[in-house]
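Chain residues, written in single-letter form:
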Amino acid sequence: MTFPGYGHTDLVMGRQVEKDVYPVLAEWMGEVEAAKGEASVIM
Amino acid sequence: MEFKDAMLYTLAAAGTALYGYYINEGLKTPLPGQDQDVAAGLEVESHEFVTEDGALLKVKRYANPGGTPVLFCHGFQGNGFEFDLPREGYNMAVYLARKGYDIWISSFRGCGPEPYDCTCNGWKHSIDDLAIYDAPALVDGIVAKTGKKPFWIGHSMGGMVLYMYLQGVKFEGFRVVSDPDLVEERNSKLTGGIAVASPTALWWPRFHPYHMVTGSSIGRAIITADMMWVRARSHFLPHMRLGSNIRKFFGKRPRLLQLISRSPIGILLYCRRNTDHETSTSLLKWGGDDVSANMFVQLADGIRNIHFRQYYPLTFRDKPYDYTMNMGLITAPMLYITGTRTSPTGRPSSFTATTASRAT
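Heads up: the sequence lines are chains Z and A, in that order. Sequential numbering from 1 applies to the first sequence in the numbering used here. Sequential numbering from 1 applies to the second sequence in the numbering used here.
Possibly wrong hints are sitting among the right ones.
Each computed DSS-like pair below joins lysine-lysine, with the alpha-carbon atoms no more than 25 Å apart [claimed, not checked]:
hint : chain 1 : residue 1 : chain 2 : residue 2
1    : A       : K58       : A       : K248
2    : Z       : K19       : A       : K99
3    : A       : K145      : Z       : K36
4    : A       : K189      : Z       : K36
5    : Z       : K36       : A       : K99
Pairwise CB distance ranges (calculated) [stated by the list, open to error]:
hint : chain 1 : residue 1 : chain 2 : residue 2 : range
6    : Z       : Q16       : A       : A225      : 38 to 44 Å
7    : Z       : G5        : A       : D37       : 26 to 32 Å
8    : Z       : Q16       : A       : E52       : 38 to 44 Å
One side of the interface only, derived from the structure: several residues of chain Z facing chain A at Cβ under 7 Å [as the list claims (entries may be wrong)]:
hint : residue
9    : M1
10   : T2
11   : Y6
12   : L11
13   : L25
14   : E31
15   : A34
16   : G37
Think of the hints as simulated: they come from the structure by calculation, not from any bench. Glycine residues also receive a C-beta, built at the ideal position from the N, C-alpha and C atoms.
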């Protein structure tokens with residue numbers, strides 16, 4: 001996934017990261033967790 | 001005194017007075033990059049993990065027992081604080097902690113400001129050591145503490161170490177080899193991985209300023225000479241102290257630090273117009289750190305050869321392990337993110353091309 005106008009480290013601390021980047025990561029993680037379900041727990 | 005001279009002296013005096021006035025006014029403004037309490041209400045813990053070769057890694061945790069763990073791994077010449085800057089709205093770790101994730105912020109061996117400063121064994125390590133020793137200690141440690149498989153979020157080299165870890169690499173003497181059992185074990189040990197601006201190959205398109213260096217014989221000769229010099233000095237100066245020296249000297253001089261963060265040094269790290277003065281100052285104050293000479297040589301070798309390969313001494317006679325060519329071994333769920341301006345000049349670069357091509 002490519003973010004227009006973003007550089008190397010500003011993907012972590014750029015002006016609008018909390019609006020542009022962080023939610024995308026959280027959404028993807030949520031999708032992976034939902035798909036894996038209990039598989040992410042080590043018994 | 002002639003009229004022309006008098007005018008010149010008057011103008012010079014007025015200019016100096018005006019300059020002094022603005023410096024004086026500037027000094028009355030708040031210091032840049034001041035820390036904010038961004039983690040109010042979160043439970044902070046400190047954990048320690050020991051690697052197989054004896055390095056002590058100190059990890060900061062925003063504890064959310066029951067939440068899925070997330071391991072943060074930093075980039076070259078950085079430390080874990082790049083994800084945990086004390087600036088409201090610019091802290092990825094706190095953002096995800098408030099979403100219920102169990103956050104683990106690591107620094108690789110030799111890095112991290114106090115009290116999260118990690119030890120290392122004489123700065124003889126390469127990036128391979130981070131994947132072969134540090135990464136398993138961190139992942140296994142988190143799994144042991146939480147009973148859950150973590151996500152790994154790596155920025156730049158932190159994502160490259162993730163690729164290396166998932167390729168199941170281990171040392172056989174000076175050789176790095178991929179072990180099929182480790183490939184399977186490590187890919188099943190993570191819930192997923194996010195690589196933020198982490199190149200799978202160090203390639204720049206034609207007419208890009210970096211390509212003009214790496215694609216020309218003179219540029220390649222300069223890189224080779226630099227590698228030779230760092231290899232030679234690594235025997236008596238294995239520790240390259242750039243980040244910690246910046247932190248030590250400029251940490252007490254925030255106005256000067258701000259000036260540096262907006263200088264060409266700053267634009268090597270980020271697209272300047274997409275950052276603000278306060279956050280870029282905070283990044284240099286907290287997020288910069290040191291590397292070993294061997295790490296530098298390994299990265300420079302990748303830039304010279306496009307493919308990212310293992311570190312090897314000059315006496316090495318085998319074919320170096322090629323991480324770029326073994327990306328296909330990765331089976332864990334991955335998200336690759338990058339920007340369109342991940343180069344010092346703000347122009348699109350290989351980081352875009354090589355990572356976007358594998359985006360999920």
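Verification of the supplied hints:
1. Our distance criterion of 25 Å between C-alpha atoms is met by K58/A and K248/A, whose separation comes to about 20 Å.
2. With a CA separation close to 14 Å, the supplied pair K19/Z and K99/A stays within the 25 Å bound.
3. Between K145/A and K36/Z the CA atoms are separated by roughly 21 Å; this keeps the pair inside 25 Å, and the hint holds.
4. Of the pairs offered as hints, the one joining K189/A and K36/Z holds, with about 12 Å between alpha carbons and a cut-off of 25 Å not exceeded.
5. Distance hint between K36/Z and K99/A is fulfilled; the C-alpha atoms sit about 19 Å from each other, no more than 25 Å.
6. A C-beta distance of roughly 41 Å is found between Q16/Z and A225/A, which places it inside the suggested range of 38 to 44 Å.
7. A C-beta distance of roughly 30 Å is found between G5/Z and D37/A, which places it inside the suggested range of 26 to 32 Å.
8. Remark: the range hint 38 to 44 Å for Q16/Z to E52/A is upheld by a beta-carbon distance near 41 Å.
9. This hint holds: M1/Z has a C-beta 5 Å from the nearest C-beta of chain A, less than the 7 Å allowed.
10. Among the interface hints, the one on T2/Z holds; its C-beta lies about 5 Å from the nearest C-beta in chain A, closer than the 7 Å criterion.
11. The criterion of a C-beta within 7 Å of any C-beta in chain A is met by Y6/Z, whose closest approach is roughly 3 Å, and the hint holds.
12. About 5 Å separates the beta-carbon of L11/Z from the nearest beta-carbon of chain A, less than 7 Å, and the hint is met.
13. Using the Cβ-Cβ criterion of 7 Å, the hint placing L25/Z at the interface with chain A is satisfied: the shortest such distance is roughly 6 Å.
14. Look at E31/Z: its Cβ only gets to about 9 Å from chain A, farther than 7 Å, so that hint breaks.
15. A cut of 7 Å between beta carbons decides the hint on A34/Z: the least distance to chain A is about 11 Å, and the hint is violated.
16. Below 7 Å, beta-carbon pairs count as interface contacts, and G37/Z has none with chain A, the closest being about 11 Å; its hint is therefore violated.
Hint compliance for this structure: hints 14, 15, 16 are broken, all remaining hints hold.
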